[in-house]
Amino acid sequence: MDKNKNIERKVVFWPGNIIVAEAAIAAGCRFFGGYPITPSSEIAHVMSKRLPEVKGKFIQMEDEIAAMGAVIGASLTGMKAMTATSGPGFSLKQENIGYACMIEAPCVVVNVMRGGPSTGLPTAIGQSDIMQARWGTHGDRPVIALTPAYSDEVYSETIRAFNLAEKFRTPVFLLIDEVLGHLSERLEIPDPSEYELIERPRPTVKPEDYNPYDPSFGDVPPIADYFSGYRYHTTGLNHDMTGFPTTSQELGQSEQERMIRKVMSKVDEFESYEEYMTEDADILIVTFGSTARAAMVAVSDARAAGIKAGLFRPITLWPFPEDKLRELSKNIKGIVVPEANLGQLIYEIQRVAHCDAPIVGVNKVGGVPIYPNEILVKIKELV
Amino acid sequence: MSGHYEARFAAVGGQGILLAGDVLAEAAINYEGLYAADSPTYTAQVRGGPTKVDVIIDNKRIEFPRTTAIDFMLCLAQRSWDRFAKDLKDDCIVLIDPSLVHEVDEKYRVYRLPVIEITKKKMRKMVFTSAVSLGAMAGLTNIVKPESLRKALLKKAPRGTEDANKKAFQLGYDAALELLGKSG
Chain F
1 MDKNKNIERK VVFWPGNIIV AEAAIAAGCR FFGGYPITPS SEIAHVMSKR
51 LPEVKGKFIQ MEDEIAAMGA VIGASLTGMK AMTATSGPGF SLKQENIGYA
101 CMIEAPCVVV NVMRGGPSTG LPTAIGQSDI MQARWGTHGD RPVIALTPAY
151 SDEVYSETIR AFNLAEKFRT PVFLLIDEVL GHLSERLEIP DPSEYELIER
201 PRPTVKPEDY NPYDPSFGDV PPIADYFSGY RYHTTGLNHD MTGFPTTSQE
251 LGQSEQERMI RKVMSKVDEF ESYEEYMTED ADILIVTFGS TARAAMVAVS
301 DARAAGIKAG LFRPITLWPF PEDKLRELSK NIKGIVVPEA NLGQLIYEIQ
351 RVAHCDAPIV GVNKVGGVPI YPNEILVKIK ELV
Chain U
1 MSGHYEARFA AVGGQGILLA GDVLAEAAIN YEGLYAADSP TYTAQVRGGP
51 TKVDVIIDNK RIEFPRTTAI DFMLCLAQRS WDRFAKDLKD DCIVLIDPSL
101 VHEVDEKYRV YRLPVIEITK KKMRKMVFTS AVSLGAMAGL TNIVKPESLR
151 KALLKKAPRG TEDANKKAFQ LGYDAALELL GKSG
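Residue numbers (my numbering), protein chains in the order written: chain F, 1 to 383; chain U, 1 to 184.
No wet-lab data here; the hints were simulated from the structure.
Take the hints with a grain of salt, since some may be wrong.
[What the hints assert, rightly or not] Calculated lysine-lysine pairs in the DSS-like style (CA-CA distance at most 25 Å, straight line):
(1) K155(U) to K10(F)
(2) K156(U) to K49(F)
(3) K151(U) to K182(U)
(4) K145(U) to K182(U)
(5) K10(F) to K60(U)
(6) K151(U) to K120(U)
(7) K10(F) to K120(U)
(8) K378(F) to K86(U)
(9) K308(F) to K60(U)
(10) K167(U) to K156(U)
(11) K156(U) to K122(U)
(12) K155(U) to K49(F)
(13) K10(F) to K145(U)
(14) K151(U) to K166(U)
(15) K10(F) to K122(U)
[To be verified] From the structure, some residues in chain U lie toward chain F, with a derived Cβ separation under 8 Å:
(16) E26
(17) I29
(18) A36
(19) D38
(20) N59
(21) K60
(22) E63
(23) F64
(24) P65
Using N, Cα and C, we set each Cβ at its ideal position, and we do this for glycine too.
Bound-form chain U, shown alone (with noise of 0.2 Å):
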């Protein structure tokens, strides 16, 4: 990665969707010597709400540590996306689930992936939505290494999770990849 990029990752609470900006930005902290900000969106509802969290990643010093033109966008729920779907770039990567996301802008370059049916069939435990859904976007974005996202989802992975959060990852990565038309 070179430059600045702002990535934002969308869903409702519980869903554990802010661990995966943590991971991310960790990753670039940790593996790759970058700078990275993470602010999370807190509403009044824990669970069931709408909430985010924005990821800025830096090559220097982040100044400003709110998102203004995000390259990639992660949503896993409907009222996600029409609540948090703003200062997207023309050409920023929405990664959504279809059973959870129906409408969206189409300019963007928009990705399908059912995150939470490979969850629940193959994880059978949807605490590893987060490791899926990174994997899909370790596998649709170079912001960050794939090596580098998988290490800094292990190291925060409670201890005796780590196969398992391995496995959820390399499945979301297979899945994008398949949806890129290349093999894993």
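Isolated chain F, as found in the complex (with noise of 0.2 Å):
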């Protein structure tokens, strides 16, 4: 987000979750589908009052599947949509997102990660849900989900995860947690001259001749809303650009393959990270969302004891920032991987590192957050 010194921001003071709500509108949308579930909930709460007041719609559904079914709808008409959840909604939603996957229908689930399995720790943090959102839906299909850290860049990735939402027409997920959600800090808020909205591809063709999965527009074809005269067909079944189904080969193969590189391709031009005194690093830290703002204090703390640490901090968790990371773990003695659960990140990280040293992690559950001197501990145990 380009920053102006010139414009005066107005400064609040919203636990994340009021965060998410308001960016969410600023970001056009206008349409929420949900079922309250804490640590979310004051998500669902505050779009039922602020929607109506932007012309917008909120529904409250029976339960979290008809809920992503409602957002899906609503995308189709063209929509900005949303939801917001946490684990046991997500597990959930999991069949309606695969199918916003294969129909393309641009949305944002947002979930407020807490303790698991199951009903777990509802009013407690946990960064459980990582893998769910890389591996939860069956099938091949491409997955941005976005990490912020702080009060400003929760603010600017639920925007982010609009417009890349409607950017690739895909569903994209805002893992926040706990701690973030009910976490009120100092926040200016951005004006809207500072960030750009980013609007859906839609067919420049007449209604006859529009084909939804049209592959000579490119990797993201234009998609009409329903109701504005264009008609076509949706299905979850592999289909053709018709839109209706087919159980060609070479069609199945190069529509997966198109779904994965429309996202694939232009990764360059989304991934984001943060690193902190990695520069001479010898041990490097990699962590995301709240634990990262221990693992900042414990780098600092390390640093103080005369330990060389840094810290490499994913914003786009997927796809996962792997180069800069290969090249970052080059010369290092050892990564550290503090994550709430019991050990997620750490197989990508093993994955992607290019590296013979020690890759530990820093586990805990159960609904206290990792503090920056358990952080500090493993770092100089790798010493």
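Fit the two chains together into the complex; they arrive one by one in their own frames, and the hints show the way.
What follows is the structure, given as structure tokens:
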């Protein structure tokens, strides 16, 4: 987000969940379908009040599955649409998330992560849904998941989630956690002139010439709004460019490859991460979201103790910024992967890192965040 | 205030203590140009369950948003003390209501102030417990200026309750000064 010093920004003090709701509205979201679930409920609460004020629609559905269905339906009519949930609801939504991937319906799914599995710990932090975001729904498909760590980033990444969903015609996950969802801190709301809003590609051909999956328009074909005069078929089955089912192997292959390619060929354009003191680091910490804030303190404390530690924090967790990590891990003496789960991101680091150095986790569940000194202890063990 | 300050407000759900945390944080941000982070802890029960809110104030951006060394703790329930009296600095200022909290570790700088009795007798509505508590905190500490806290409280107070909140804040403030042996 460009920072322009001449712009006077409004300063607010909102919990992360309210930031998500307000940023969604700023991004142009005009539909929320949901089913309240702690610790995400404030998002639904605020949307139920704010959406009618901007001529949007809020609907509380009978369950999480239906809520995801409502979001997909709203998206097909041309609205920017979202839902918000937490672990158990994220599990229920997986089938319809796959459907949204298959029909290429832009939408945003917020998961305010809590302790799991099952109903687990409704009111406390977990970061254990990151692999579910990556692999939760069946079949091959692209996955974009954003993991902000600070209030200003929660705002900007919420906007970016809508932009990426629209740009690539795909669901985008915004993964925060209970700590961020309920944490209030100083936030300067960016002025709308400071960020770009992206709209999905829409057809320019006549309705009778329109095919919803026409590859001649490139990897992201234009999508017509339902009820705008363009009639087309939508199915979760393998489909041809008209949208009707097909069992053609060639088309099955080329369409699935296109769906992956539409995101992965542009990954350089939206991949994002933060580095802190990595230039000369011997010990690299890799973590994301609120846990990265503990890691920031641990790095400073380690440096004060004469240990060259650094932090690599992916903001786009999926696709994982693997080239950068590969480069950073070349001359490293050890990697520490703190996460509020029993070891998930560490598998990705083991896959990507280019080193023989030890890769160790700091894993904590049970609803209390990882503290800086717990990371520092692990750093010291590696030196 | 300079540097880094951590405060914890602990009570049971329904006493309105979460509001006190917000007021302190907003006083720091809006009237003193500081950074603040406010994290409430939710328990499964809403009313009657032990609850707390932690506020961190700093003159630079706050990295780790949870408390690790608490400078001030207000506590209005024994079971909240039993559960949440952790990570307090040895010289932590502890403000308790002696009718609700009976056993605390006396190694801290403990101040006993009848917040509930003051609220009940002089305000006649328990919703002003937070305002009385904030006033008392303003008298006992110098985290932010009393005037900043008062302004933040009045900004947050529902319309029509400003005068009553002002009065409640002053009652707490005066009682704290009396306790310290200073005149209001």
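Now the hints, each set against the structure:
no., hint, verdict
1, K155(U) to K10(F), "holds, 16 Å"
2, K156(U) to K49(F), "holds, 20 Å"
3, K151(U) to K182(U), "holds, 23 Å"
4, K145(U) to K182(U), "holds, 17 Å"
5, K10(F) to K60(U), "holds, 19 Å"
6, K151(U) to K120(U), "holds, 23 Å"
7, K10(F) to K120(U), "violated, 38 Å"
8, K378(F) to K86(U), "holds, 23 Å"
9, K308(F) to K60(U), "holds, 23 Å"
10, K167(U) to K156(U), "holds, 15 Å"
11, K156(U) to K122(U), "holds, 21 Å"
12, K155(U) to K49(F), "holds, 22 Å"
13, K10(F) to K145(U), "holds, 23 Å"
14, K151(U) to K166(U), "holds, 9 Å"
15, K10(F) to K122(U), "violated, 38 Å"
16, E26, "holds, 5 Å"
17, I29, "holds, 5 Å"
18, A36, "holds, 7 Å"
19, D38, "holds, 4 Å"
20, N59, "violated, 12 Å"
21, K60, "violated, 11 Å"
22, E63, "holds, 5 Å"
23, F64, "holds, 5 Å"
24, P65, "holds, 5 Å"
Figure legend: structure checked against the earlier numbered hints; hints not met, in rising order: 7, 15, 20, 21.
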